[in-house]
Structure formats: structure tokens, C-alpha cells
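*Asks:* Fit chain E to the known structure of chain P by using the hints.
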Amino acid sequence: AQKVTQAQTEISVVEKEDVTLDCVYETRDTTYYLFWYKQPPSGELVFLIRRNSFDEQNEISGRYSWNFQKSTSSFNFTITASQVVDSAVYFCALGLNTGGFKTIFGAGTRLFVKA
Amino acid sequence: NAGVMQNPRHLVRRRGQEARLRCSPMKGHSHVYWYRQLPEEGLKFMVYLQKENIIDESGMPKERFSAEFPKEGPSILRIQQVVRGDSAAYFCASSPAEGGNSPLHFGNGTRLTVT
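Sequence lines, in order, name chains P and E.
Each residue of the first sequence is one higher than the one before, counting from 564 in this note's numbering.
Each residue of the second sequence is one higher than the one before, counting from -10 in this note's numbering.
Just so you know, not all the hints are guaranteed correct.
Unchecked claim - Covered stretches of chain E, going by a simulated chain P footprint (3 or more residues, C-beta under 8 Å): (1) 26 to 35; (2) 91 to 98.
Claimed, not checked - The calculated lysine-lysine pairs, modelled on DSSO-like cross-linking and capped at a C-alpha distance of 30 Å, are: (3) K579/P <-> K40/E; (4) K601/P <-> K40/E; (5) K16/E <-> K40/E; (6) K51/E <-> K40/E; (7) K601/P <-> K677/P; (8) K60/E <-> K16/E; (9) K33/E <-> K60/E; (10) K40/E <-> K60/E; (11) K33/E <-> K601/P; (12) K677/P <-> K579/P; (13) K601/P <-> K579/P; (14) K677/P <-> K633/P; (15) K601/P <-> K633/P; (16) K633/P <-> K60/E; (17) K601/P <-> K566/P; (18) K16/E <-> K33/E; (19) K16/E <-> K601/P; (20) K566/P <-> K33/E; (21) K566/P <-> K51/E; (22) K51/E <-> K33/E.
Said to hold, decoys possible - What follows is a set of in silico ranges between Cβ atoms, one per label pair, in the way DEER data are often shown: (23) S650/P <-> M(-6)/E: 35 to 45 Å; (24) Q571/P <-> P28/E: 39 to 49 Å; (25) G(-8)/E <-> T641/P: 27 to 37 Å; (26) T104/E <-> E619/P: 30 to 40 Å; (27) Q6/E <-> D618/P: 40 to 50 Å; (28) K33/E <-> Q571/P: 18 to 28 Å; (29) N615/P <-> Q70/E: 24 to 34 Å; (30) G5/E <-> T641/P: 43 to 53 Å; (31) P28/E <-> D592/P: 46 to 56 Å; (32) I623/P <-> N(-4)/E: 35 to 45 Å; (33) N42/E <-> T572/P: 18 to 28 Å; (34) G74/E <-> R673/P: 16 to 26 Å; (35) R3/E <-> T641/P: 41 to 51 Å.
To be clear, the hints were calculated from the coordinates, so they are not data collected in a lab.
For every residue, glycine included, the Cβ atom is placed at its ideal position computed from N, Cα and C.
This is chain E alone, in the form it adopts within the complex:
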């Protein structure tokens, strides 16, 4: 299966813990996007990365959230000291080319629950 792979599918964390969400893009794709979907809401852009570079992080909260896409390995979205409001589905998408003209190929998402 050469699709976008996200893991884990479900993640439960207690308040104050760290959450690490992983995303392996489709083969041949070097552009990765992270989106957050709150219950009953649409997708909110968080960050756009290319290999080793953050291109646009305008949707990322300034504190506690970080993202990386190293030269080797998956993209990681890291949330430190999670709070209940971080509970959401986090979707990763990849594309073969930059930006707004390419359809996004989405993973199945990671559903984070903060207890």
C-alpha cells in the first residue's frame, strides 16, 4: 500500500503528557501538510513541510506544537503538555508538488483523546 500512512490511528494521553503523531507520505511525495479536525468541524490547516524545511506554519499554535519532516523517516507532529482542547483528529496529507494546485492525498488520521 503506497498511500499516506499515519500512526497511531488512536492515541490517548493524559493532560500534561506529550503526543507524537507520525506520517509517512506517499511514495514520491516530498510535500507534507498537517490538518486538525475538531469534532463536527472542518479541517484547519496547521503546517506545510518539505523535506527538512517548514514552509508555512501559520496555522500552528505558537506554543506546545511543533512539526518536523526529516531527511529520513516520517513527518512528526509533536504536541507537548497536551490539554483537553487538543482532542481532535489530526490528518496528514501529501502531494508530489508544492502548494495549492496539487490534490492532497490524505492518511486515515490520528484521533487524539486527552483525558
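So that you can see chain P by itself, here it is in the shape it has in the complex:
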């Protein structure tokens, strides 16, 4: 089965708190790609990061960081010192090059950051 699970439907934090969004994926492919996208209230989807299955290095970009662990099939996303502008729905996605070359999205986690 090929699947992405984002168990947290909604998270609410107060500004300046750190928050981690969980993502667990399933695939039997040995080569795959993992993504995070942001969907702010305006509705468009914005690409944030891509990782391939052979690169388990964690990545930091400003207040954003990503933790990829193949052993647990997880690709978690942490926002440090959250801001109101981080309020959005965040989607984790799995990109596959077998069975149709498609990207499978999780159900998304809605993040509310309160001032």
C-alpha cells in the first residue's frame, strides 16, 4: 500500500511556541520522495521542501526544520517560534516513480497560531 498519514487533524498553538507536524508514510518502493506543502487561507498550495529516500539528513530553513527517519517511515516538520502567518493547512506528500509517477498527499494538518 502507498499511503501518507497525518494523524493530527488540527493543532492550535500560541505565537512563539514550537510545533511539530507529524507525517508517516507507507511504500514498498526503495526510491521515493517526500514533500511538504503549505496551503494558507487564501487557498493556493506552496511547495516547502523535497527529500529523496536516500538522503536522511535533516534540514533547517529559517524557523522550519524537517526530520526524516526511514526507520520509522516518518518525515516530521517543526516550526520554531511560530507566528500567526504560519496558520495554514500543511500537507505531507509521497512522490513515487512506479505505479504511475504520482504524488500522494496526506489529509493535511490545520495549524492555528494565535497571537
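*Replies:* Structure of chain E alone, referenced to chain P:
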């Protein structure tokens, strides 16, 4: 603006009518994907097309839905005899290369309302 262009942004149709959604990919992109987002849900893959070819339509309902990406012009997602359950946001995405390793560049979506 060389981004993915979708039109219309909003479309209202009565039950039984046809809906045509258009998508012009980013300049230089020949791979187009359609996704459906139901209210409060994630993105569901529908179809993946390259110029003049349907590569993967495993997510497309077997009846009433069709998609094309002609040699000239935009990709079209067509829904015949719409029903209330078709009400959703339909997102088009494009990429410069096939499949799961390329980040997807999304349009702003078409919000279809069936009355």
C-alpha cells in the same frame, strides 16, 4: 506571470450541467496533474497527463469525468452531468519532469459549486 493558471476561479453549475475546468501549466512544463480537494479534506489524485497522453487516470471516477491535454492549448478537466457530490476545489499542478521526484507547482484552483 509564468505560474500555473487555472480558470475559472469559481464555477457554479446546476445538477445535470457540464463543468469545464482549464489549466495552463507553467512555461516549459509538459506534465499536468489534477487533484480534487473536498471541504476539510486532503488532496486526492485524479489524473496525470503529458501532452496528448493520459499517463495515469487511476484516481478519476470511471463515469462522467474526463481529462485531456492537447498539443496546443490548456489541459481540460470535464465533468458531465454534475451532481452535488462533485462540489469541491479542483487543483491543477504542473512539473517539468515526470513523476514523483518533481515538486508540483499548483494553480489557485477552481472551486466548483453544484446547486
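*Asks:* A separate judgement is required for each hint: does it hold in the structure or not?
*Replies:* Verification of the supplied hints:
Three residues within the 8 Å Cβ limit are the bar, and the segment 26 to 35 of chain E against chain P gives 5, so the coverage statement holds. For the segment 91 to 98 of chain E, the proposed coverage by chain P is satisfied: 8 residues have a C-beta within less than 8 Å of a C-beta in that chain, meeting the threshold of three. Restraint check for K579/P and K40/E: the C-alpha separation of about 47 Å exceeds 30 Å, so the hint is violated. Between the alpha carbons of K601/P and K40/E the distance comes to roughly 28 Å, so the proposed pair stays at or under 30 Å and holds.
With a C-alpha separation of about 13 Å, the suggested pair K16/E and K40/E falls inside the 30 Å cut-off, and the hint holds. The suggested pairing of K51/E with K40/E holds, with an alpha-carbon distance near 21 Å, which does not exceed 30 Å. A C-alpha spacing of about 18 Å is found between K601/P and K677/P, which places the hinted pair at or below 30 Å, so the restraint holds. Restraint check: the Cα-Cα separation between K60/E and K16/E comes to about 14 Å, which is no more than 30 Å; the hinted pair holds.
Among the hinted pairs, K33/E with K60/E is consistent with the structure: their alpha-carbon atoms are about 26 Å apart, no more than 30 Å. Only pairs whose Cα atoms come within 30 Å are accepted, and K40/E paired with K60/E is accepted, the gap being roughly 6 Å. For a cut-off of 30 Å, the pair hint linking K33/E to K601/P stands: about 16 Å separates their Cα positions. At roughly 9 Å between alpha-carbon atoms, K677/P and K579/P fall within 30 Å of each other, so this suggested pair holds.
Proximity of K601/P to K579/P is assessed by CA-CA distance (about 19 Å); at most 30 Å being required, the pair is judged to hold. At roughly 33 Å between alpha-carbon atoms, K677/P and K633/P are farther apart than 30 Å, so this suggested pair is violated. A distance of roughly 23 Å separates the Cα atoms of K601/P and K633/P; the hinted pair therefore holds under the 30 Å criterion. For the suggested pair K633/P and K60/E, the alpha carbons sit about 41 Å apart, so the restraint of at most 30 Å is broken.
Simply put, K601/P and K566/P have alpha-carbon atoms about 19 Å apart, close enough for the 30 Å limit, and the pair holds. The suggested pairing of K16/E with K33/E holds, with an alpha-carbon distance near 25 Å, which does not exceed 30 Å. Taken as a hint, the K16/E and K601/P pair is honoured in the structure, with Cα atoms around 23 Å apart against an allowance of 30 Å. Note on K566/P and K33/E: the hinted pairing holds, with a Cα-Cα distance of about 12 Å set against a maximum of 30 Å.
Using a Cα cut-off of 30 Å, the hinted pair K566/P and K51/E holds, with the two alpha carbons roughly 22 Å apart. At most 30 Å may separate the alpha-carbon atoms for a hinted pair to count; K51/E and K33/E meet this at roughly 15 Å. Evaluation of the 35 to 45 Å hint for S650/P and M(-6)/E yields a failure: the beta carbon distance comes to about 26 Å. A hinted range of 39 to 49 Å for the beta carbons of Q571/P and P28/E is inconsistent with their spacing of about 19 Å.
Judged by the Cβ atoms, the range 27 to 37 Å given for G(-8)/E and T641/P holds: they are separated by roughly 28 Å. For T104/E and E619/P, the Cβ-Cβ distance of about 50 Å falls outside the hinted range of 30 to 40 Å, so the restraint is violated. A beta carbon spacing of about 48 Å between Q6/E and D618/P agrees with the range 40 to 50 Å that was offered as a hint. For the hinted restraint 18 to 28 Å between K33/E and Q571/P, the CB-CB distance of approximately 19 Å keeps it satisfied.
Between N615/P and Q70/E the C-beta distance comes to about 42 Å, which lies outside the given range of 24 to 34 Å. Evaluation of the 43 to 53 Å hint for G5/E and T641/P yields a pass: the beta carbon distance comes to about 48 Å. Take P28/E and D592/P: their Cβ atoms lie about 31 Å apart, and the range 46 to 56 Å is violated. At roughly 38 Å, the beta carbons of I623/P and N(-4)/E sit within the given window of 35 to 45 Å.
The given range of 18 to 28 Å is broken by N42/E and T572/P, whose C-beta atoms sit roughly 37 Å from each other. Our hint of 16 to 26 Å for G74/E and R673/P holds, since their Cβ atoms are close to 23 Å apart. Judged by the Cβ atoms, the range 41 to 51 Å given for R3/E and T641/P holds: they are separated by roughly 46 Å.
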